[in-house]
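*Asks:* Each chain, letter by letter, is given below.
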Amino acid sequence: MTISSLTYEAYLLDLAEGNLADEEAMLLEKFIREHPELGDWEELTEDLPLLQASEQKFEPKVLLKAIADESENQPILNKEHFDWYAISFLENELNHSNKKKFRAFLASNPALQIDFALLQKTMLKADESICFENKNELKVSASIKPVLSWQYFSAIAASLLLMLSISWWFINDNTTTPVYTEPLIAMKSRPAKTIFTANSVEINAVAGKANNTEPNKLIPQRYQRSNTVATMPSLAMTKAETISWTPLAGLFYADENRTLYYFYDESAVFAKINDNSSSESKSLAGLIIANAAGKIKQVFTGKDIAEPQAETQLASTKSSKINSIIKLAESGIKTYNILTDNEVALEKTLNNNGEIHSVRFKSESISFSKQLEKPKQP
Amino acid sequence: MTRKDFNHCVDQFADGLFRFLIKNIRDEEKARDIIQETYAKVWQKVDDIPFEKGKSYLFTTAYHTMIDEIRKSEKMQRMELHHTPIQTSQNGYSDLKEVLDEALKTLSEIQRSVVLLRDYEGYSYAEIGQITGLSEPQVKVYIFRARMNLKKYLQKIENVLEIPA
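Protein sequence lines, in the order shown, are assigned to chains A and B.
Using this note's numbering, you'd call the opening residue of the first sequence number 1 and step up by one each time.
Using this note's numbering, you'd call the opening residue of the second sequence number 379 and step up by one each time.
Derived from the structure by calculation, the hints contain no laboratory data.
It is possible that part of the hints are untrue.
Dumping the calculated DMTMM-like pairs for lysine to aspartate or glutamate here, alpha-carbon to alpha-carbon at most 20 Å [what the hints assert, rightly or not]:
hint, chain 1, residue 1, chain 2, residue 2
1, A, Lys135, B, Asp393
2, B, Lys450, A, Glu9
3, A, Lys139, B, Glu430
4, B, Lys475, B, Glu430
5, A, Lys135, B, Asp411
6, B, Lys450, A, Asp40
7, B, Lys433, B, Asp389
Bound conformation, chain B alone:
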């Protein structure tokens, strides 16, 4: 991949990466940091990465950087959880997007990642497997579990109120 290709990858994929990270970690600043780190890491190996695999490399790197970041901050969050009561949603939803946003939070990291890669980026099960280090059947199972959990969440909410689409 040349410098020009690399810059093209910035134009093409930075938005998608940002969305993927935001939905996963819910922290814009961290998402920006991870994107910076991701592109810096990819640039270091730019000569070895074919242009057509640029997107996959970026998402793989971003995913693993994100997981590292989550693990780093997990202990701190746990300590905070001992002292802070968990905030529950007041069901002040205005549309389906908001409900799904909340529903996504209830998924495990891995379920959320695979379903976002599938729906946002249209990756195949095999490609998601490459990015996340899972086998294809595992990816399928996690996606199915994610959808079932989302469905359950929607079901609960719909029993309480009607969600505008």
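If we strip away everything but chain A, and leave its shape as in the complex, we get:
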């Protein structure tokens, strides 16, 4: 063994126990004096008399190694070496031949069986009744630190989405804001309950492509449909780095009843909702966001998310442009709350006809409202 910063403490213990030869003690002192960061030699050795002194004179370390060795130079199994053999036997360190020898030796030496029984008792058993009761105090909740970079990224994306959807609503004249027309392109459905990797989707899904005809617009309104097979982008969230209107780009999934793929591809979005009814009336963006939020929540919590929630939430958007925008904002807020463990709220006030009259945005630090109805012309 060599004296090093990892082993010097063991050597100190050896010194304290009187198991270090003079030469080794000198080497140890030299090593510690050469490494003052380990401590002062006088101070370190001052502690030594307080350590447990061992009266037991132990065999050289080579003996221990030799016992388990297959070589012929093994120590003789006799009374003098009995303890070492017995401990090696109990530690399951003896080879087959030595085990056999040891058993035979033990059987022929009844007096040593008492010693062996004592050594057997030194094999400690953990007391299972001792438990650490406050495990919950040690556990870490999701809000303390984002664990995975994509989760962190998703949280940022959700924040962007929240800001976008809210500011879009409040900045624009809401009653005239056009509802985004979703591009819905046919894709091969794939019933599954998994979140696909980019590769598996690429292999199994034949995708259409939506080409954005207004690439310079933040929120494009027109698309050209084509039948070309889309190129699936990487699932990596870096694809969403470009600030497009789709901050959650890159997330896509499928379930048993509907297939929904959604990703960022040259500023265009394309997806297939695999059911027979025309889905063009639904807010695809909202649906995607809600489902993506559900999937992310599923990853976080391990609990299944009720999938139809998104559909229910968005089914009525055809008739009301306002509803569609609000639903989009609500989805954004929901996603934001899930990902960041916040409690931001969007409250709606209805008029006598059951229509949305005003919207109030509330967070811990800010709150503002917007009236939605245009004043009637006299």
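Take the given structure of chain A and dock chain B to it, following the hints.
*Replies:* Chain B alone, transformed into the frame defined by chain A:
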């Protein structure tokens, strides 16, 4: 290791760590503090620790935190020892577990740690070496010395009374 993995490590290993620490330092409150500190330290590096090495990291961190704690309190204890007569056991043992508990106290820190890691957690000599910073042969020797010391203790006690198993 993810947050979920980390929390799994709490469920899986906190009890074992607690037992290991309690048997070593005999102070529940300190053992709890060391566990808190250990998990906090591991959490700081959670992104760099593979899940399969979580247990080893925890025991290594706990071991070194415990050693630091022992060293910190050693001087104070020494001062107290000058004034307080050392209490000796009155041999009021009811079973082998109690005797072994007392016997463990007579071992040096390092002997106690290695034998507990070996017997409680089933670590190999190499793994114990990684946790304690010892070489494998050193671990073996310390375990053998520990068992011999325990045996000697049991021998003395058995000469005085019969211990129920």
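*Asks:* Mind listing which of the numbered hints don't hold for this structure, in increasing order?
*Replies:* 4
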